Amino acid sequence: NAGVTQTPKFQVLKTGQSMTLQCAQDMNHNSMYWYRQDPGMGLRLIYYSASEGTTDKGEVPNGYNVSRLNKREFSLRLESAAPSQTSVYFCASSEPRGPYGYTFGSGTRLTVV
Amino acid sequence: EDKVVQSPLSLVVHEGDTVTLNCSYEVTNFRSLLWYKQEKKAPTFLFMLTSSGIEKKSGRLSSILDKKELSSILNITATQTGDSAIYLCARDTGTASKLTFGTGTRLQVTL
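If you read the sequences in order, they're chains A and B.
Residue numbers for the first sequence, in the numbering used here: 1 to 113.
Residue numbers for the second sequence, in the numbering used here: 1 to 111.
Since the hints were made in silico from the structure, they are not lab data.
Predicted model only: the values in this text are computed from it and were never measured.
Glycine included, each C-beta is placed from N, C-alpha and C at the ideal position.
The following residues of chain B were derived to be distant from chain A, with all beta-carbon distances above 10 Å:
id	residue
1	Leu11
2	Gly16
3	Thr18
4	Arg60
5	Lys67
6	Gly82
7	Thr110
8	Leu111
Here are the computed lysine to any residue pairs in the SDA-like style, where the Cα-Cα straight-line distance is at most 20 Å:
id	chain 1	residue 1	chain 2	residue 2
9	B	Lys3	A	Gly40
10	B	Lys41	A	Leu45
11	A	Lys9	A	Arg109
12	B	Lys98	A	Gly58
13	B	Lys98	A	Gly42
14	B	Lys56	B	Asp83
15	B	Lys41	A	Ala24
16	B	Lys41	A	Val88
17	B	Lys98	A	Met41
18	B	Lys98	A	Asn30
19	B	Lys40	A	Asp38
20	B	Lys3	A	Gly58
21	B	Lys41	A	Val12
22	B	Lys67	B	Asn22
23	B	Lys98	A	Thr54
24	A	Lys57	B	Lys3
Whenever a hint applies, use it, and build me the whole structure from the sequences.
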């Protein structure tokens, strides 16, 4: 089925460890996004990529880096995880000015201890 | 600040009731307002609203945008237990289609 695939689904890290969250979409969308969702905070934009080869900071970029590897793939890296980064992470893609908004991945639940 | 505010934060209703969820935003220049339903996992798309006063409808769900009041409502009639979810509102300014989300309304429908 066409859509957005995120891996892993669950991860527990120790403070200071690093990891990369992977995201791939097969809908030929130009734009991709990384959000985090925390209780009572809604979804907050971490980074986005409007098109292949470009990335920009969102609302909460500190402690994260991203790579738009190609049109399909957009990865999120935590270089030195902190407990404040415990959250559910969603990747999404869209076609700018498309009629259906975002398509979301199924999410990654990350716990930093 | 560029906020999207949803109310109420949570709501418990009985099956068959009608509910109205509210969303307001603080900027006047946007491209669209979107509604999503989130159950256990990822949000799923419900509506995209671009024009004021035009109702969008899908089954028992409907939504309308008021650009003058900078707000939108989502109505659910004859609620069912399957409507239990978090309903998210988001604003698209048109800049790379970035969405700013509200905190959501948690709806619980009981028998």
